[in-house]
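K.L.:
Given next are the chains, with one letter for each unit.
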Amino acid sequence: MKRVSRRAAHYIRDELLKRERFIVIALNSGHKIVSVNRSDPDWNLPGLIRGSVLPDSLVSLLDAASDASEPTVFPYVELNDFFVDIHVLGDRESADLVIHDVSTDHHNEQILQQRAHENSLLSEQRAALNSELTELNQELFLRRRQAEKASAAKSRFIASMSHEFRSPIASIMGYADLLQTELPDSNNPQALQRASWHLLTLVENLLEQAREGKENISLNPTRFSLDRLAGDIEALFRPQSTTKGLAFEVKSSPVGIEVECDELRLRQILINLVSNALRYTRQGLVSVHFIHRDDNLYIRVRDSGRGIAAGDIDRIFEAFTRVGEDTTSGAGLGLTISRQLINRMGGHLKVESEPDVGSEFRVVIPCPSTQAKPGEMPSLSGTVLWVDDDPDILSLYQVILENWGLRVITASSVAQARDLFNSNDCPLVVTDIHLMDGNGVELFSHLKVQRPDIMGIVISGSGVVDLTEEVAGEGIRTFLQKPIDAEVLYKEIAAAFAGDQPEHTF
Amino acid sequence: MKSAKVCMVGAFGVGKTSLVRRFVHQQFDERYHTTLGVKIDTRIVDTSKEPVKLVLWDMEGADPFEVDKRPLARIRSYMKGAHGLILVADGTRPATVKTALGLYHDFCREHRVVPAIMLANKADLTAEWRFDDSVMPDALRLYHTSALNGQNIEEAFTALGESLSAL
Numbered sequence: 008m009k010r011v012s013r014r015a016a017h018y019i020r021d022e023l024l025k026r027e028r029f030i031v032i033a034l035n036s037g038h039k040i041v042s043v044n045r046s047d048p049d050w051n052l053p054g055l056i057r058g059s060v061l062p063d064s065l066v067s068l069l070d071a072a073s074d075a076s077e078p079t080v081f082p083y084v085e086l087n088d089f090f091v092d093i094h095v096l097g098d099r100e101s102a103d104l105v106i107h108d109v110s111t112d113h114h115n116e117q118i119l120q121q122r123a124h125e126n127s128l129l130s131e132q133r134a135a136l137n138s139e140l141t142e143l144n145q146e147l148f149l150r151r152r153q154a155e156k157a158s159a160a161k162s163r164f165i166a167s168m169s170h171e172f173r174s175p176i177a178s179i180m181g182y183a184d185l186l187q188t189e190l191p192d193s194n195n196p197q198a199l200q201r202a203s204w205h206l207l208t209l210v211e212n213l214l215e216q217a218r219e220g221k222e223n224i225s226l227n228p229t230r231f232s233l234d235r236l237a238g239d240i241e242a243l244f245r246p247q248s249t250t251k252g253l254a255f256e257v258k259s260s261p262v263g264i265e266v267e268c269d270e271l272r273l274r275q276i277l278i279n280l281v282s283n284a285l286r287y288t289r290q291g292l293v294s295v296h297f298i299h300r301d302d303n304l305y306i307r308v309r310d311s312g313r314g315i316a317a318g319d320i321d322r323i324f325e326a327f328t329r330v331g332e333d334t335t336s337g338a339g340l341g342l343t344i345s346r347q348l349i350n351r352m353g354g355h356l357k358v359e360s361e362p363d364v365g366s367e368f369r370v371v372i373p374c375p376s377t378q379a380k381p382g383e384m385p386s387l388s389g390t391v392l393w394v395d396d397d398p399d400i401l402s403l404y405q406v407i408l409e410n411w412g413l414r415v416i417t418a419s420s421v422a423q424a425r426d427l428f429n430s431n432d433c434p435l436v437v438t439d440i441h442l443m444d445g446n447g448v449e450l451f452s453h454l455k456v457q458r459p460d461i462m463g464i465v466i467s468g469s470g471v472v473d474l475t476e477e478v479a480g481e482g483i484r485t486f487l488q489k490p491i492d493a494e495v496l497y498k499e500i501a502a503a504f505a506g507d508q509p510e511h512t513f
Numbered sequence: 201m202k203s204a205k206v207c208m209v210g211a212f213g214v215g216k217t218s219l220v221r222r223f224v225h226q227q228f229d230e231r232y233h234t235t236l237g238v239k240i241d242t243r244i245v246d247t248s249k250e251p252v253k254l255v256l257w258d259m260e261g262a263d264p265f266e267v268d269k270r271p272l273a274r275i276r277s278y279m280k281g282a283h284g285l286i287l288v289a290d291g292t293r294p295a296t297v298k299t300a301l302g303l304y305h306d307f308c309r310e311h312r313v314v315p316a317i318m319l320a321n322k323a324d325l326t327a328e329w330r331f332d333d334s335v336m337p338d339a340l341r342l343y344h345t346s347a348l349n350g351q352n353i354e355e356a357f358t359a360l361g362e363s364l365s366a367l
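Chains as they are written, first to last, in the working numbering: chain A, 8 to 513; chain B, 201 to 367.
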């Protein structure tokens, strides 16, 4: 504002003094109050009395203003429940304090500031929580990755162990077959065979669980007698049912037929279903019926056990799940795996159950029948190089193949196989895929470079087909899985020596 | 008796008013009431040399994110002539450490270096505690304090009084 007249200045001052409240204090050098002037006689602040010394709180204002050549203003100073602006004029030697009551302005601004600060604090808290949430999410992500890695490692371990188990089981089964040939009147080799099937089923269950349904297993259809399968199931579970005092019945119709499907998987399904029925039945009956009709195999496993409530039917197929008050043994994998296998074999499984009455599991699997009896095995001729790092397997198949009239050269390593191949005329090489010092497929490829017309059969204990079409095209006739069905092996070897084109089972 | 102006400096909501209330009046109020302006309180502390009257300027807090710059202007005017500084941060809000240190460095640059301490307040909130002691300059003595239970408050204010008595 430019210079105004004295009259206008006085008017403004008077108007200001009507609206605002001031106290003006004059101080001497000893901070003693020389005079106190108030614009409103009713407004005073305790301690501000002429002749007294200025309170310490206000003296500290002078410290702040002591070097100032211009008036210094301290806004919003709380004095005895009032908020005032304090203007310091002069210095420590001679100062005037102009105290201006701004309590109303302060009150209004304080309300706004309170809200602003509360909002800001809430925002900070929200940001901190978001940050914490982000960290937690990252940690969860990492934990999940770790869990997935651990699970994958576990699956690899189980698969590896299952694979390791398969070779000795295959050996036991093969020798049991030989024993049966040598001791046709003894039941012992059959018992050994059945126990081996059972053990193999348990191993297969583990392997199946390790796959978690993520890999396709190979199905190896073979031809087998339905009567023999029914007999084996009956003989396998008879002791258990007798111990529990249960009636146990296994029936098969029509009699005397052979069917064609993956016998190992079918046995696995049956052992799981029947052992489950026996486990949950305390009294009464467990029955297993096989009926073959229209290229389908119908299996019915019925028990008079405690049954399953309707609401729990779906849960019994969840891995490691037990329904109700279950104190029985078992991993809780059998039904899960059985259903997976049945689905893969193109079949289906249905369950009907009534609590305290019993359960019935009905399975249908596509399974063509073959009326022809297995043909005779005419004597073969030729030389076979058999490569496997398991000496028992080597001995077993040496005996079997020699019984078929073949000359067998055995090698327990890649290096030995190369040496023997160079010094012998071996048109057919049968090799395990996993060898101590290398890979059977690579061995075969190497040998084929030396002799392009050789034929190969690859064997593995792994349930997973890991041969590619590319490899298959390089002269490998087929892939066989341990334990090897002797009839299938004979057929493949005979066809190889006869020069027949392979029917790949990759 | 020696009298010293001591400014409580820091971001809003760190507990400056609560610390002064605890130290001067032995009281604590759970409610949050933001300070606008300044309230001046006094308390005498005994030191090894002589009693010192601390004239405590409990000032409004700065905005840690400096969205509102008006408080900062007022704070700087209040800090003039301070003999000592009590820097206050909220141990559960890392951004408030930077605010307190920023005000301290500004003061030292514009005026002079004065005795100062740092209080990491709200130490009772252990679950939310996120104060990193290692970020503190060596020149500043650090105290983990709680206005709620009085932890380290007497020790901290007395230590500053001791430094001021030696001047």
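What the hints contain is simulated information worked out from the structure, not anything from laboratory work. Ideal placement from N, C-alpha and C gives every residue a C-beta, glycine not left out. One thing to keep in mind: the hints can contain errors.
What the hints assert, rightly or not - Distance condition first, Cα-Cα at most 30 Å in a straight line; then the derived DSS-like pairs of lysine-lysine:
{"id": "1", "chain 1": "A", "residue 1": "K39", "chain 2": "B", "residue 2": "K269"}
{"id": "2", "chain 1": "A", "residue 1": "K498", "chain 2": "A", "residue 2": "K455"}
{"id": "3", "chain 1": "A", "residue 1": "K357", "chain 2": "A", "residue 2": "K251"}
{"id": "4", "chain 1": "A", "residue 1": "K39", "chain 2": "B", "residue 2": "K249"}
Unchecked claim - Using C-beta positions, here's what the derived DEER-type ranges look like:
{"id": "5", "chain 1": "B", "residue 1": "F265", "chain 2": "A", "residue 2": "D63", "range": "49 to 57 Å"}
{"id": "6", "chain 1": "A", "residue 1": "E116", "chain 2": "B", "residue 2": "L348", "range": "26 to 34 Å"}
{"id": "7", "chain 1": "A", "residue 1": "K9", "chain 2": "B", "residue 2": "A366", "range": "53 to 61 Å"}
{"id": "8", "chain 1": "B", "residue 1": "F265", "chain 2": "A", "residue 2": "H114", "range": "21 to 29 Å"}
{"id": "9", "chain 1": "B", "residue 1": "F228", "chain 2": "A", "residue 2": "D103", "range": "37 to 45 Å"}
{"id": "10", "chain 1": "A", "residue 1": "S110", "chain 2": "B", "residue 2": "F228", "range": "39 to 47 Å"}
{"id": "11", "chain 1": "B", "residue 1": "K269", "chain 2": "A", "residue 2": "D103", "range": "29 to 37 Å"}
{"id": "12", "chain 1": "A", "residue 1": "K156", "chain 2": "B", "residue 2": "A273", "range": "52 to 60 Å"}
{"id": "13", "chain 1": "B", "residue 1": "V335", "chain 2": "A", "residue 2": "E27", "range": "28 to 36 Å"}
{"id": "14", "chain 1": "A", "residue 1": "H114", "chain 2": "B", "residue 2": "N349", "range": "28 to 36 Å"}
{"id": "15", "chain 1": "A", "residue 1": "K156", "chain 2": "B", "residue 2": "V224", "range": "53 to 61 Å"}
{"id": "16", "chain 1": "A", "residue 1": "P48", "chain 2": "B", "residue 2": "R270", "range": "54 to 62 Å"}
{"id": "17", "chain 1": "B", "residue 1": "W329", "chain 2": "A", "residue 2": "P175", "range": "37 to 45 Å"}
K.L.:
To test your reading of the hints: which numbers does this structure violate?
P.N.:
When the structure is compared with the hints, numbers 1, 5, 10, 13, 16, 17 turn out to be violated.
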